[in-house]
Amino acid sequence: MSEARFVGDASQLPDHAFGSRSTTWWGVCGFIAIESAGFALAFASYFFLMAQEKQWPASAFPPDLMWGTLTTLLLLLSEIPNMWLKRAAEAEDLRKVRTGLVIMSLIVLPIFVTRAFEFGHLNIAWDRSAYASITWALLVLHSFHLITDWADTLVLTALMHTRHGAKGRRFADTSENALYWHFVALSWVLVYAVAYWAPRL
Amino acid sequence: MIQSAAHPTGAHAAITSNLFGLFLWVTGFFFLLVLVFLGWAIWRKDRGAVRDRALRLTVTSWIGMITLGLFGLTIASYFADRSLAFAGAGKTPLRMRVTAHQWWWEVEYLDRDQSKAVTTANEIRLPLGRPVQILLASDDVIHSLWIPNLAGKQDLIPGRSTDLQLLPRQVGHFRAQCAEFCGLQHAHMALDVIVESPDQFATWWAKSIQPAPAPATPEQKRGFDLVMTRQCAGCHAINGTPAYGTVGPDLSRVAHRATLAAGEMPNSRAWLERWVRDPQSAKPGNQMPKIPMKPDELHAVSAYLETLQ
Amino acid sequence: MSRVDGPDFTGDALHAALTETWSDAPGLWGWITTVDHKRVGRRYIATAFVFLALAGVLALIMRVQLARPESGLISADRYNQIFSMHGTTMMFLFAVPVMQAMAVYLIPLMMGTRQIAFPRLNAFSYWIYLFGGVFLWIAFVLNIGPEAGWFSYVPLAGPEYSPGKRTDVWAQMITFTEVAALAGAVELITTILKQRAAGMSLNRIPLFAWSILVTSFMVIFAMPAVMLASSFLIADRLVGTQFYNPAEGGDALLWQHLFWFFGHPEVYIIFIPAVGFVSQITETFSRREVFGYPVMVLSAVSIGLLAFGLWVHHMFATGLPRIGYSFFTAASMMIALPGGVQIFCWIATIWSGRPRWETPLLWVVSFIITFVMGGLTGVMVASVPLDLQLHDSYFVVAHFHYVLIGGAVFPLLGAVTYWFPKFTGRMMAEPLGKWNVLLSFIGFHLTFFPMHITGILGMPRRVYTYPAGMGWDTLNLVSTIGAFVFAASIVLFLFNVAISLRGGRAAGDNPWDAASLEWKTSSPPPPYNFDHIPVVESRTPLWDETRPVIPGLRTEVRELLVTTAIDAIPDVRDASPSPNGWPFIAAILLTIGFIGSIFTPWAVVWGALLMAPPLILWFWPHDPLEVKPEHSDE
Amino acid sequence: MRSFPAATIVLLLASAALGSCQREARETRDAPLPFSQQTLATTTTVMAGGGAAGAPDPRVAHYEKNAWHVSEGQRLYEQFNCVECHAHGGGGIGVPLMDDEWIYGSSSPQIVATIMQGRPNGMPSYRNLLTEEQMWQIAAYVRSLSGHVPKDVPPSRADDLASGPPITLQKPEPVRNSNRESGSR
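First to last, the sequence lines map onto chains U, A, G and E. Following the numbering used here, the numbering of the first sequence begins with 901 at its first residue and continues without gaps. Following the numbering used here, the numbering of the second sequence begins with 5 at its first residue and continues without gaps. Following the numbering used here, the numbering of the third sequence begins with 451 at its first residue and continues without gaps. Following the numbering used here, the numbering of the fourth sequence begins with 1068 at its first residue and continues without gaps.
Here chain U stands alone, though its shape is the one from the complex:
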């Protein structure tokens, strides 16, 4: 080993970075890719089943629009603080990040309420037909994402309010959490379009 030739010096490199420079970003993107594939295939299944039927939905009313639309609006609204939070994280502004995370933790609560009403206003139980099953599946799939990202946000909020929060790497985590929320919101827009509007075509 003594003949090792030393080139450059890594010690001057930063210990965290944002976006595609960070490994966690790649991890988060990997999972987003997996879940996108899941959603895409669920949509494909939806349209596959739809193509088998003369009438869609067969012997049922399409889901009521109100609660689903409300969820969509709330999720889109939540993007405002989310983007603000992401920018604050990348500026490593601890005070703003703390506020932003609290807002993001709270903003999900009304969405849970509208989501619960959505299930009640699908106008059909999951075991009635394939249409009902796939519609429920889409909503359940998205609700999982909503819950997991909410839990993640809660933990991060707690973390950022401790002494660990001041670390640069935590800002990167916050930024990636915000990225994931983008995915949750965007995927809902698609789920909403399919579950609420495809039956009305």
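None of these hints come from the bench; they were simulated from the model. Don't take every hint at face value.
As the list claims (entries may be wrong) - Examples of chain G residues toward chain A, derived with CB under 7 Å:
id, residue
1, 696
2, 741
3, 743
4, 747
5, 751
6, 752
7, 834
8, 835
9, 908
10, 912
Computed from a predicted model, the values in this text were never measured in an experiment. For glycine and all other residues, C-beta sits at the position ideal for the given N, C-alpha and C.
Position chains A, G and E relative to chain U; hints supplied.
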């Protein structure tokens, strides 16, 4: 009795068999090329300087050859597919419906005149030289009808309708089998395919629409009564009798068939008795229950069933 | 004080410092909490081989049953469970995991980094895989083994035709292994793209890494399909949804589309890593860089893409519209092109190199011959008219065993022989290895070649018995004899591994004089892999004149060099997590939740609540060193 | 210290094995218990209320705890057209089978007797159509419709038109009408 794609006796199987021959030659040629190149690479003596330029040229021509080969095979496959679609076109096909059940085949010969329609089971009789269109359906799970001597297979899928075209070119007795795993007794879900002359076929059909013969001897009469009152009639139908069950195979001409229990055993009185005595030991899991019967009762039942020619 | 490696901190002192930082706790606790990719990788490989052996025993039982017609050795019920277990275990618990396992061990070493990305997730993924496999096998022993085949076609696998919990066990095992595989894929992609040695730009990474990169992307897009399909199945069976019920608008073909959208790429997910093995072995033993590197990479990528367009070719007999037949035929055949090109490049590498006929290269030759045969029969089944005859017959059984054993297991055995010195520090015994290749080649072809003919003679797959006098008897007997010969060769291989572990010749760092980075470090590698992070200036760094390194990573904390995705320019110093017991606990709790959700949908709820605390504790930072001021040497 | 988890695991496995053996076995051969119409006929009468309960019958568990039997029962229920009158448990021409009201008793032996003997006002006798074993299978399935077999045994639904809630989520209905049947838990 054979069941083999290597001995085509139908127009469709013959087309496929020829195509297979072509594929075998072409792929064999490529395999040989690879072996020669590999052998050369292994046993090559003079290993001079690396000549990647020559290799690059070779790899380009290799890509060209593969592309050409695949293209040729695709074209051949396309034309084979077309001839499969048009084999037997122009003549009125014999129309049938085959419905698969776990683990037997219900076979119906369709006719505009309902009274001429024939229902049988685990046996397909076909007239020589006449195209056949079989409508396929399944009562439970996915099955696949494969008569390798006559044509490729086709799945029977619940909730979907598929069909299979045949054009028998040779008289003979062939075996066919379910080719899609369908549960416990998938292995014992065969059927007999009998290709006969149009005259023989017409005779068979004419006889099949007649009611079953009345029992003649006292033993047969007793057997008849047992079949009607013990659980048999709940599932099986016999033409012209009060037995009209649709759960199990139609027995109107059961004694005329070549095999029993979906091709599982030869059709003889001894085998028939063995089957009725304990269906679950011969074919575990099949839906025919064991009906407790004394030996003389069993004998009477088989005596009656033997008359259903 | 924080020290970094460099010219003034090297040799034994550095070794001591890094060992201190990167070692696991001693004993059982260290065994459970380890996140070292090498330890995890080793046990991953060993576990996969245990499942190979188990599934192999099942194969022998089937062959004994089929040795003669009308054999009554095992009942239909048992046989159906056995062939379902054989397929399921081989595909989900052996073939895919073993390839990822090899990658988990090798990729960080090949990339010149100290640890895999997300090592705790990696440990978690191993535990989940292990628990899923053990769960399936315990269920099998308890007579709850799957019985509807490894493909579980509905409606046979649906609530009405598969009573009891057998199919649920199968479907939930899918969830276990897919979680493990997906997590593995994310780790490997990140490791390959972000943790490469300085200067190892994308056009310099070893072909094995390319293979794993392509494979991992395929996993990401293919595996969700089967997870979705099996979740639908579980829902149909447990809460009465109607996804696959034709009477209520469901469709049996939905299952087949989803399953094969995963199932076809799955074959290539198994095969492409094997391609990587073959490339590495061929390179080392031909003593030249693999001929046609860009073509090889393009081939792997195009196989990866094409694999997603082919799923329909498993469904030719389902009565698809005739209009599409030619398209599907052409698409299915097209994949033979990149395969053929790769074969050519390997042979060209041997042809133009100076080959050394060590055992790994013999495995490669055995692979080439066998795999080409499998590929050519693949061309046959790609043709719709031919497939309608060959589909679901023993011909197909022969075809895919040629592709999977010839195309993946032979290279794998070669790879284990090749990397064994790196794993253990010892060489595998010779000439036992060479005899092993010969025996397995004979045994394999004796088993599977006759099956082509039995298939053409009309024998369908998945039958627990067959009648006499069909012309199948002798062929089946030959296959059975062959199966035992082949099994003997596998036993011989395991025996060789066992004796070499204890008494093998000491290997040294680079016994084969190979060119890739994993041979730069000692055998077996130290916990920290490399004392200094290598700098790479060509595709074959160890064949270069000099071996530069880049200094500057801290030694008292676990630190990795993160480089840019394309050019591998040093970019960030990233912390790597320390050993931790929570992944293990989380895996246990998740297992309980998964098994519970076979019986009640509420298990999803309480399972999630159970999982929350360990997950929080897993991610909660507790490294006291992290609050120390950074760059104290500045 | 090592023996404790090992023993626990063995115990757990053993209990799982016992449970799964009973649930998963494919009882395709002869039923292991003797059947006789005589013992059956005494378990109930044609009178409303179901009559006196007999001794616990081992056949009850044999059929009700076995998934194969319940599943065969489901299939026979379709094939022998029980659906025509009873629908999928909801009733119609005939009485509902998934509620809490049982005129002739809700235990398996009582249901078997009903199937075998027929009942006034429309329920025919199936004596000549079904074997006794098949009646027990149907009875086990009928019991599952009201949630009276173990949850992990019955199928969630048939591949048929949707009807009623999934059997697997069915809450056991308390049995009304004075009779306390022998076989229920």
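Hint check:
Against a cut-off of 7 Å between C-beta atoms, the interface hint on residue 696 of chain G holds, since the closest Cβ of chain A lies about 2 Å away. At a threshold of 7 Å, the smallest CB-CB gap from residue 741 of chain G to chain A is about 6 Å, leaving the interface hint in force. Interface hint at residue 743 of chain G: violated, since its Cβ lies 11 Å from the closest Cβ of chain A, which is beyond the 7 Å cut-off. Evaluation of the residue 747 of chain G hint against chain A yields a violated restraint, the C-beta minimum of about 14 Å exceeding 7 Å.
Below 7 Å, beta-carbon pairs count as interface contacts, and residue 751 of chain G has none with chain A, the closest being about 16 Å; its hint is therefore violated. Below 7 Å, beta-carbon pairs count as interface contacts, and residue 752 of chain G has none with chain A, the closest being about 12 Å; its hint is therefore violated. For the restraint placing residue 834 of chain G at the interface with chain A, the shortest Cβ-Cβ distance is roughly 6 Å, inside the 7 Å limit, so the hint holds. With 7 Å as the threshold, the beta carbon of residue 835 of chain G comes within range of chain A, its nearest partner Cβ sitting at about 4 Å, so the hint holds.
Because the closest C-beta pair between residue 908 of chain G and chain A is about 4 Å apart, less than 7 Å, the hint holds. Hint status for residue 912 of chain G relative to chain A: holds, with the closest Cβ pair at about 4 Å, below 7 Å.
In summary, the numbered hints that this structure violates are 3, 4, 5 and 6.
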